[in-house]
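With the hints as extra help, turn the sequences into a complete structure.
The end of the sequence shown is residue 279 by our numbering, with every number in the run present.
Just to be clear, a hint being listed does not mean it is correct.
Distance windows between CB atoms, simulated [said to hold, decoys possible]: (1) D154 <-> I12: 43 to 49 Å; (2) E220 <-> L53: 28 to 34 Å; (3) G112 <-> E163: 34 to 40 Å; (4) S54 <-> V143: 33 to 39 Å; (5) D265 <-> E128: 23 to 29 Å; (6) T142 <-> V251: 34 to 40 Å; (7) H235 <-> D265: 21 to 27 Å; (8) G134 <-> R52: 18 to 24 Å; (9) P80 <-> P50: 34 to 40 Å; (10) E225 <-> P60: 41 to 47 Å; (11) R85 <-> P161: 29 to 35 Å; (12) E225 <-> T20: 43 to 49 Å.
Note that these hints are calculated values from the structure, not bench results.
We treat Cβ as the ideally placed atom computed from N, Cα and C, and that holds for glycine.
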Amino acid sequence: MVPILLNCTKMIVRAGIVGTGLTDEATVTWIPSGKIKKAEPTQNGGPPGPLRLSLRNMIPASDGGAGPRCVSLILACPRPLALRRILPVVSMMGVDRLVLCGASKVPKDYFGSHLFRKEEEITKLLVEGLCQAGDVRLPEVTVARRLKIFLEDDLDDIFPPPERGGPTRVIAHPTRSGISKEKGGKIEMRVRDVELYAPSPMGSNDSSHHPSILLAVGPEGGWEEEYEIDLFRKHGFEVVTLGQRTLRTDVAVITLLGLAQDACDSVVKLIAGMKNTSL
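Structure follows, in structure tokens:
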């Protein structure tokens, strides 16, 4: 708001109501009050009085924002400080649903963080990412402290299998020689190699019919070999890798989300090209 106040008392800005709608024609107006006669920030950086935000031409949240949501994320709960950095990234990158889960390498006390005691703290960080991306749709957040129970009891209810129109399931893990050939061999598949399902009529513009990915990202030390990887495989997850390096969780999340979104977009463009060719 401060840069607007430095230039004029009335300006068109982009604004919206979280979960409701988006507009490109919101007006911020300074309302003079008291002894303050100029639209300039106060000494502590605050606004010089009341501000009025007028919203016009609202677009429904399902239609507005920053494009279709093609990627959902299962994330082994990181350290609380790291989670604070990652949550804005999750909403900024357009994640549809976020599952924060336990894992063998996730200390149980991570779930005792104040972020899990106050739901509004998580929402605040997600909104921060929405502001940067110009979106109004909050990711749906689920907390699953016990990974095995979540995969066996809740996974298919939240994310139907691909054959029922759900997302393609992918788990990320560093390339290592410790995984036996009987369990799938050395991990060499990349996100770009995953076969995506597009459960829509060719050329459909309905965002709900776009190909989608459910991406599982483990702790900084990776998922437990071979137990947790096998557990995901039994539930239809394909294993992909970013290489041999063990990455920080925030770096891995940003990279994998970008690659997953790009893979979905590439399929959409391919389908659109096939439709144009057939006309």
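message: Hint compliance check: list the failing hint numbers for this structure, sorted ascending.
response: 2, 6
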